[in-house]
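Can you make the complete structure from the sequences, with help from the hints?
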Amino acid sequence: MSRRSLLRAVGGGAAVSALAGCGVPAAYIGPGERGASDRSRQDKRLTFANWPLYIDTDDKDKTKRPSLDAFEKRTGIDVRYTEEINDNDEFFGKISPSLMNHQETGRDLIVISDWMCARFVRLGWVQEMDRAHQPNVTKYLDPLLRSPRFDPGRKFTVPWQSGITGIAYNKRRVGREIKHVSDLWADDLKGRVTLLSGLDEAFALLLQGDGVDVTRWTADDFHRMCDKVEKMVNSHHIRRFTGNDYIKDLSSGDVLACQAYSGDVIQLQADDPDIEFIVPEEGGELWAESLMIPNLARHKRNAERLIDYYYEPEVAASLAAWVNYVCPVPAARDVLASSKDKELAELAEDPLIFPDSAMRERLAIARDITSKERTEFAKRWNVLAGL
Numbered sequence: 001m002s003r004r005s006l007l008r009a010v011g012g013g014a015a016v017s018a019l020a021g022c023g024v025p026a027a028y029i030g031p032g033e034r035g036a037s038d039r040s041r042q043d044k045r046l047t048f049a050n051w052p053l054y055i056d057t058d059d060k061d062k063t064k065r066p067s068l069d070a071f072e073k074r075t076g077i078d079v080r081y082t083e084e085i086n087d088n089d090e091f092f093g094k095i096s097p098s099l100m101n102h103q104e105t106g107r108d109l110i111v112i113s114d115w116m117c118a119r120f121v122r123l124g125w126v127q128e129m130d131r132a133h134q135p136n137v138t139k140y141l142d143p144l145l146r147s148p149r150f151d152p153g154r155k156f157t158v159p160w161q162s163g164i165t166g167i168a169y170n171k172r173r174v175g176r177e178i179k180h181v182s183d184l185w186a187d188d189l190k191g192r193v194t195l196l197s198g199l200d201e202a203f204a205l206l207l208q209g210d211g212v213d214v215t216r217w218t219a220d221d222f223h224r225m226c227d228k229v230e231k232m233v234n235s236h237h238i239r240r241f242t243g244n245d246y247i248k249d250l251s252s253g254d255v256l257a258c259q260a261y262s263g264d265v266i267q268l269q270a271d272d273p274d275i276e277f278i279v280p281e282e283g284g285e286l287w288a289e290s291l292m293i294p295n296l297a298r299h300k301r302n303a304e305r306l307i308d309y310y311y312e313p314e315v316a317a318s319l320a321a322w323v324n325y326v327c328p329v330p331a332a333r334d335v336l337a338s339s340k341d342k343e344l345a346e347l348a349e350d351p352l353i354f355p356d357s358a359m360r361e362r363l364a365i366a367r368d369i370t371s372k373e374r375t376e377f378a379k380r381w382n383v384l385a386g387l
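Following this note's numbering, the numbering of the sequence shown begins with 1 at its first residue and continues without gaps.
Everything hinted at is true.
Across the chosen pairs, the derived CB separations fall in these ranges:
| hint | residue 1 | residue 2 | range |
| --- | --- | --- | --- |
| 1 | 93 | 155 | 24 to 34 Å |
| 2 | 177 | 128 | 37 to 47 Å |
| 3 | 372 | 172 | 43 to 53 Å |
| 4 | 379 | 93 | 12 to 22 Å |
| 5 | 81 | 270 | 20 to 30 Å |
| 6 | 103 | 251 | 42 to 52 Å |
| 7 | 32 | 234 | 48 to 58 Å |
| 8 | 57 | 106 | 18 to 28 Å |
| 9 | 32 | 346 | 43 to 53 Å |
| 10 | 36 | 122 | 17 to 27 Å |
Derived lysine-lysine pairs resembling PhoX-like cross-links, with alpha carbons at most 25 Å apart:
| hint | residue 1 | residue 2 |
| --- | --- | --- |
| 11 | 379 | 231 |
| 12 | 64 | 44 |
| 13 | 248 | 171 |
Derived from the structure by calculation, the hints contain no laboratory data. Backbone N, C-alpha and C fix where the C-beta goes; we use that ideal spot for every residue, glycine too.
Structure below.
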């Protein structure tokens, strides 16, 4: 089971709506109010909240996490690692009362999807990192991920892992190559196509299929795309909208082509080599799930040190070999390529972990949906997706 086979956010606006419904507006915190007295020097510990199945574990003892254990041994910093994040909106709702009321969250480091990171950054709920303490991040972070629109220069966020939203299909059953988003609408695929149900997961790839620059898309672009999707829904061309259950549909043959995540397809291909993943010629979305240090975290320096540790190419390589998503440290490729283990060396050549130059040219990070846009867009999308 991949990490993305667990619960994923489907609405995007639920948490903010719930807070507004309680009469409590999301509160912006100014730069001067975000930090707290850092206890890192005298208190050698930190609390790290992550998603399940998103870190390397020992094959014989699942309670051991080799890369994290090595960090603790090297630095003497005790890491309390929790797998408490199953859904972006759910986690937002869990910690937002503390953040908006200027209270500690009890966490020094969190990992959430970049579209949700954008909300935290806009609200001023996370602290700027000190790059003087993070030379590996400065040196090795993938240039494609360095400056998303919501966080220019990655001052507040650092990618934990990355991935691509593209198209997966069964080449043998389809009987031809799929190269474009428009290929999904071929007559012989009617009723055998699925799209992702989450607005933030689905819309960018569809816009790219229409030739839209997703780094600067507009509301008109979004509604024009929705008009096309609506026609495909009404004609029953689209079988349904899915979370990660597209994996089951594609494996069984009920679905022939679908929107998909690169990391999932790597695992599917191990069981069925006929399954292909492509970045359409018009482009694919490059996304990330990123590390952030919440306001008032008491072990900021320790957290920055842990982040930088995972940007050492050797450490990044060991993590990439286990999670199989796009590695945000391209230099880790050379580490895997030099491995005497044949399977590890082969991972270095996998474009879904280390995209080649041709694929990289077609990847883009979509601009985030603003809080003002989200209510309108989510309302329309959720009707289309049946949410």
